[in-house]
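Fit chains B and C to the supplied structure of chain A, relying on the hints for placement.
Chains as they are written, first to last, in my numbering: chain A, 386 to 562; chain B, 41 to 385; chain C, 1036 to 1405.
Relax, there's no trap hidden among the hints.
Each computed SDA-like pair below joins lysine to any residue, with the alpha-carbon atoms no more than 20 Å apart:
| hint | chain 1 | residue 1 | chain 2 | residue 2 |
| --- | --- | --- | --- | --- |
| 1 | B | K107 | B | V72 |
| 2 | B | K381 | B | T212 |
| 3 | B | K363 | A | F387 |
| 4 | A | K414 | C | R1174 |
| 5 | C | K1089 | C | I1332 |
| 6 | C | K1067 | B | S179 |
Anything over 12 Å on all C-beta distances counts as not near chain B; from chain A, calculated:
| hint | residue |
| --- | --- |
| 7 | G433 |
| 8 | V438 |
| 9 | I449 |
| 10 | P470 |
| 11 | N507 |
| 12 | G513 |
The following label-pair restraints were derived from C-beta to C-beta distances:
| hint | chain 1 | residue 1 | chain 2 | residue 2 | range |
| --- | --- | --- | --- | --- | --- |
| 13 | B | R121 | C | E1305 | 54 to 60 Å |
| 14 | B | V195 | C | G1231 | 29 to 35 Å |
| 15 | A | G396 | C | L1074 | 27 to 33 Å |
| 16 | B | P95 | A | E424 | 21 to 27 Å |
| 17 | B | R121 | A | V394 | 47 to 53 Å |
| 18 | A | V416 | C | T1246 | 39 to 45 Å |
Note that these hints are calculated values from the structure, not bench results.
For glycine and all other residues, C-beta sits at the position ideal for the given N, C-alpha and C.
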Amino acid sequence: MFEYLREVVIGAKSLLVGMAITAKYGFSKTVTVHYPYEEIEITPNFRGHIDLVLNPKNGKHKCISCMMCQRACPSGCINIHAEKPEGAKKKQLVSYHLDFTKCSLCANCTEACPTSALEFSNEYNLVGTSRHDFHFELVGRLNARAEALGLVAEEVAVPEPPAKPDAGETQSPDSGE
Amino acid sequence: MSDLVNLLFTPPLGILVAVLLVVVFVFTNSAVLVYVERKLCGHIQRRPGPYEVGPFGILQTAIDGLKLMGKQILIPNGADRKLFMLAPILSFVPPIVAMIVVPFSDSVQVRDLDIGVLFVLSLAAVNVLAILIAGWASSNKYALFGAIRAVAQNVAYEIPLLISLLTAVLWTGSFKLSAFVDAQTGSVLEGANWFVFTPWGFVAFMVYFITGMAETNRAPFDMPEAESELTAGFHTEYSGMGFGLFFLGEYTNMLLMASIATTLFLGGYHLPFVTLGGSGFFIELMQVCIFLLKTYGLIFIMIWIRWTFPRVRFDQLMNFCWKFLIPVSMINLAVTAIVLKLGEL
Amino acid sequence: MIPNPDPTQETLVLNMGPQHPSTHGVLRIVLKMDGEYVLEAEPILGYGHRMHEKMGEVRNHKGFYANVGRMDYGGALSFGHGHVLGVERLSSIEVPERAEYIRVLTTELNRVASHLLWFGAYLLDLGAFTPILYAFDDREFILDLLEHLTGARITFSYFRIGGVCCDVDDKFLDGAKIFVKRMRERLPMYHKLVTGNIIFRKRAEDVGIVTRDMALKYGATGPVIRGCGIDYDIRKTEPYSVYPDFDFDIPTDDKGDCMSRYKVRMEEIEQSLRIIEQAIEKLPEGPVMGEKVPKKIKSSGDCYMAVEAARGELGYYLACDGTDTPYRMKIRSPSYSNLSLLKELTSGILLSDLVSVMGSLDLVIPEIDR
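Same shape as in the complex, but just chain A (with noise of 0.2 Å):
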């Protein structure tokens, strides 16, 4: 009997001690973050999708057209098409289409990269109605970020040829159509 009703009595101190700590945080300040009005700093290392590397100076990018990345991606979500102008020595990038919807940002493409031309975005701010808005042309988007900092954009010796999105598709036969 004693100690049922130590048990009562220990138990209802417990509830009462736990009343306390909810009652103390309830008026406390809240600690959310109302997103859409503020947002938080993100940090530099978020590895958003890949980019490419934008040069400062003139504005170009580092891709050499190696392959190296398209063959280290473990999701075979990038696709590059590059072209050997005539009488020009090395291949140029004409397009860099990467995938979205496979990746999985293990980041081997990075680290692939012999001249260091990958980075990753920090955008995070991503949304779309379509799978197909996660398709990415990496040079149109390199193209664009120079032009919004005054440079001169990528000159490309060949005619370039329409940006097909779906020429990586029509290679590889999972891409789930």
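This is chains B and C only, laid out in the frame that chain A set:
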């Protein structure tokens, strides 16, 4: 002007007006309580709660109500259609009807029945029937489990609830709700005062409060819902306004339970140390405010408890009732009777 | 409704899951019930099967980095740790000491985050809503720290074969120190709010008792086996990485019920904090990536590499045939073995207790299904 007032507030039209006022009050109360509960739980959990719709989110419940009304009411295959539709109404209407005997102030009371306490109790007991019907008619095993639990729980907790109220009835010698309020006037120093200030009154109040939480199926006694075990318990299959009515019913039940506690144990619309003398509009208004303040204070504690504790287990719930609450309340009743008798001698 | 298979028997078959609030994912449990009592609980797996083992056999070693985090969303770094250690052992790759310290530091942070997630989810199973948000408040701090270091919040892909992908900076180390301090202040609050609470104690004590024999029979590991008095922790029994350098205890509890597992996990948070402190203190200077790591990692032979994940023993069995892709990969995930206890644990108990037992086993379904 006074003719119009007389016409509106005397029978037969007066009854209609009064009932309408009660219904309006009950709906407003539910809307406010949903908002308050969400806001409180938000702050307890260190988040702001609703805050997007309207200033500080006060229109959130209105929008939610609209959304619920706009939703399709799905009736599952194999469900008993008539019973399925009846259950939410049955859960919502009785507590509203019971509200008519609650004395908000000296004259703000729709009907002062001689058997007020019994009236409230009999109507509050219909809630369990609504849950049983909802669970049974849903043709869903989780809902059925919720219904089974609700019946066992509510029937068991009705006993200490009745006994604790009986203690108050013994003390007052009446079933009339206004008699309880009248018995609790005066200040502490004059002797006669709130029932809760007497030791047996305090015990009866605690028992009533705990059982009241169990009767209204609030956490930590929300066995019939128990979403981590029974997904949503008895209202698993309800959508749209069917679900909405259960929600309204729950909050109205809370209000009813808290206002009965206020009337019987916490001095109704009286203050503990001063007596509000005289009559008139402002005195009445003050009394209503005092009454609502006490009632919502109790509801606040219920909400606070809900967002602090885990849910008890079903057998522990029953043990707690049969092995603790019922003996305690019975001893308390006996002690009250003896003390009252000795006082008479 | 599934018709009752035998109408003469007064039992009822209840499908718990695959969508149910307390199965934490896509686990399905078929319950044979007599009223509120569970007669038999049969877990049915595979709803979240994504062929991670097969993917490990198709992709090369480096390509598997991204997969490890997808198996266990709670403690992704432990899964990465086991994988890189296995490949390094097979290919005899040296890892700089600093990298190994960073691995331990981040893994332990991740373990605390995982235990906090479990703490919240368990209390949610028992019907308390508030503790999960307090726990997430702390967990968020860890995730912010790890995001600053690795760039991701859940699926880190941080460990590399031969080291880690980037070095820690002062901001991370200071943050980790602040976190240790903060967590030490918060733990007593958790104990007051939850551990002492009479309702919680009644729900967890003497419920789902795992005996030593049962734990050994089913191969239970982690807090489940430590909760029944066996101090089996890979970090001590088969030390790997730089764990021998640290001074920490293996908390155990004799009773084997849900409360024991709860206590063991809460104590493990404290022990992890101790390791984090020591790792920051002892962190050596030097590179974080081995110098002689080949671009194409070729390995041969086979090995079983076990590490202590937040939920128990995690093992990678790798059989390699000299190419850069494993010939066979088998993952022994801790929750899978712990789940197999469920059937024996839950026969004859209440439905509410089943929820409590499942919560206390700390099941992560993607890791069971893989």
